[in-house]
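**Student:** Here are the chains, one letter per residue:
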Amino acid sequence: MLTKRIIACLDVHAGRVVKGVQFVDLIDAGDPATQAARHAREGADEIVLLDITATHEGRATLLDTVSRTAKALFVPFCVGGGIRSARDAEQVFEAGADKVSINSAALADPSLIGAIGASFGSQAVVVAIDARRDPNAADPVRDAQVYVQGGRRPIGRTVVEWAREAEDRGAGEILLTSMDSDGTRAGFDCELTAAVSEAVGIPVIASGGAGTVAHFADVFGRGKAHAALAASIFHFGVSTSRSLKEELAKSGVPVRLPC
Amino acid sequence: MRVTVIDYKAGNLTSVIKTLRHLGAEPIVSDGDLSLVESAERIVLPGVGHFAATERLDNTGLTAAIKAAIARGIPFLGICVGMQWLYAGSSEAPDQPGLGAFPESCTRFPDGFEKVPHVGWNSLEVQPHSRLLANIHAGEFVYFTHSFHGPVTADTAAITHYIEPFAAAIERGNVMGVQFHPEKSGETGLKILTNFLNWKEQ
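So the sequences go chain by chain: A and Y.
First residue of the first sequence? That's 1 in this note's numbering, and the numbers climb one at a time after it.
First residue of the second sequence? That's 260 in this note's numbering, and the numbers climb one at a time after it.
Hints may be right or wrong, so weigh each one.
Claimed, not checked - Some chain A residues flagged as far from chain Y (calculated, every beta-carbon gap over 12 Å):
(1) I155
(2) R164
(3) E165
Unchecked claim - With the C-beta cut set under 7 Å, the calculated list includes, among others, these residues of chain Y facing chain A:
(4) G270
(5) T273
(6) V307
(7) G308
(8) K374
(9) V378
(10) W380
(11) N381
(12) F400
(13) Y402
(14) T404
(15) Y421
(16) K443
(17) G445
Honestly, the hints are just simulated from the structure, not real lab data.
In this text, a Cβ means the ideal position worked out from N, Cα and C, and glycines have one as well.
Work out the full structure: start from the sequences and follow the hints.
**Tutor:** This is the structure:
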């Protein structure tokens, strides 16, 4: 049976894993290669490394980080942040990533999705979407606004139509972050996730809002997500992907166990 | 152990090469150098993306060289599209023939049931005759990402269920294929690749 994936997410800045700024005592969380290997050992089904600053001068650092992280990682490995061209993607793949996640660059030039997919296969292209519900829209969920630049600016597109276009252009998966839920620890936006999952034929990875094990069960059920990103939950009572999955299995969620 | 990895410009070889190296093998890439196939001790044909890309194998003479190597008894492992290529063909590119080591053809998962592609970790039902999957226990998980698949036949080495039962692995003598990605399948995948590296004629 196909299982629901728990994807460990590492935010990287200048070659180091960092935690969200609201967690002041946890700014530096170590070396990406060490942390990725630990997450894989502790049962994560996949690793995502996001270069959260992605400055041009950070490129060499990112490629070096990807290369060191990939070296002893034998689960799928996705890298995002600062990938603006097919050439950028190629360098990240050559450094050892299995997938790239693209966001602002795909909105600026949607043909980038197909350009990367043509060389590396659509399974290697994850389109990340940051969306916020639009209370003024006829359907605040399906017409949630898509944001760029790390959630700073709406780009004038709505989530369902953009997810569909991304699929048509050859995206292999959608990584959907609810900006309303992100950082709240009050649960994923299951309505938003379900709206996107029902609109596309490709898998949807849910992100933003996880605070408890029940939130994951909820987004896999009601939210119709195929995978969920886990980041800060590991600092609030759930120690590892393995223990998260063991709890999910008790609620009847199919997960990869033992792992 | 020298392993000739075939590059036909269908995706990224880094993960496969890195994993073979991790297991102590010496991967050598051939993107058309037939001598590397002729002198091969093991051949791995990875592949992601579109079946049509296998046309390059025909155009570079690799198809004939691989066929000859298989006939000499060299162990061969196709991964993902590399496994699909072992069949007569695929409905993904009906005009492009496969190697034909197995007479069936690959087809797409039917729409209207679950998401296609099939992406994620799914379990294996290993068939008792499989040597590639020796020591892989019922229910061990491997990582898949594909929309096309081969049918279950007597040559199927492992069955996986998604929408319908399909061949997760195929094996006849020295010709082996896996629909999943062993290089991305954790300890289970490493065991399978180790079995391939240790494969001996019986």
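**Student:** Hint by hint, note whether the structure agrees.
**Tutor:** Hints versus structure:
Every beta carbon of chain Y lies more than 12 Å from that of A/I155, the smallest distance being close to 26 Å; the non-interface claim holds. At roughly 14 Å from the closest C-beta of chain Y, the C-beta of A/R164 stays outside 12 Å, upholding its exclusion from the interface. The Cβ of A/E165 lies farther than 12 Å from every Cβ of chain Y, with a closest approach of about 18 Å, so its non-interface assignment holds. The restraint placing Y/G270 at the interface with chain A holds, with a minimum CB-CB distance near 5 Å, inside the 7 Å limit.
For Y/T273, the interface hint holds, the least distance from its beta-carbon to any beta-carbon of chain A being 5 Å, beneath 7 Å. Nearest Cβ of chain A to the Cβ of Y/V307: about 4 Å, under the 7 Å cut. The hint holds. The criterion of a C-beta within 7 Å of any C-beta in chain A is met by Y/G308, whose closest approach is roughly 3 Å, and the hint holds. Below 7 Å, beta-carbon pairs count as interface contacts, and Y/K374 has one with chain A at about 5 Å; its hint therefore holds.
Given the 7 Å rule on beta carbons, the hint for Y/V378 holds: about 5 Å separates it from the nearest Cβ of chain A. Here the hint on Y/W380 is kept, as its CB sits about 4 Å from the closest CB of chain A, short of 7 Å. The beta carbon of Y/N381 is positioned within 7 Å of a beta carbon in chain A (closest approach about 5 Å), and the interface hint is therefore held. For Y/F400, the interface hint holds, the least distance from its beta-carbon to any beta-carbon of chain A being 5 Å, beneath 7 Å.
Below 7 Å, beta-carbon pairs count as interface contacts, and Y/Y402 has one with chain A at about 6 Å; its hint therefore holds. For Y/T404, the suggested interface contact is upheld, since its CB lies about 4 Å from the closest CB of chain A, less than 7 Å. Contact between Y/Y421 and chain A, as hinted, is supported at the beta carbon level, the nearest pair being about 6 Å apart and thus within 7 Å. A least Cβ separation of about 5 Å between Y/K443 and chain A falls short of the 7 Å threshold, and the interface hint therefore holds.
The closest approach between the C-beta of Y/G445 and any C-beta of chain A is roughly 6 Å, which is under the 7 Å cut-off, so the hint is satisfied.
Hint violations for this structure: none, all hints satisfied.
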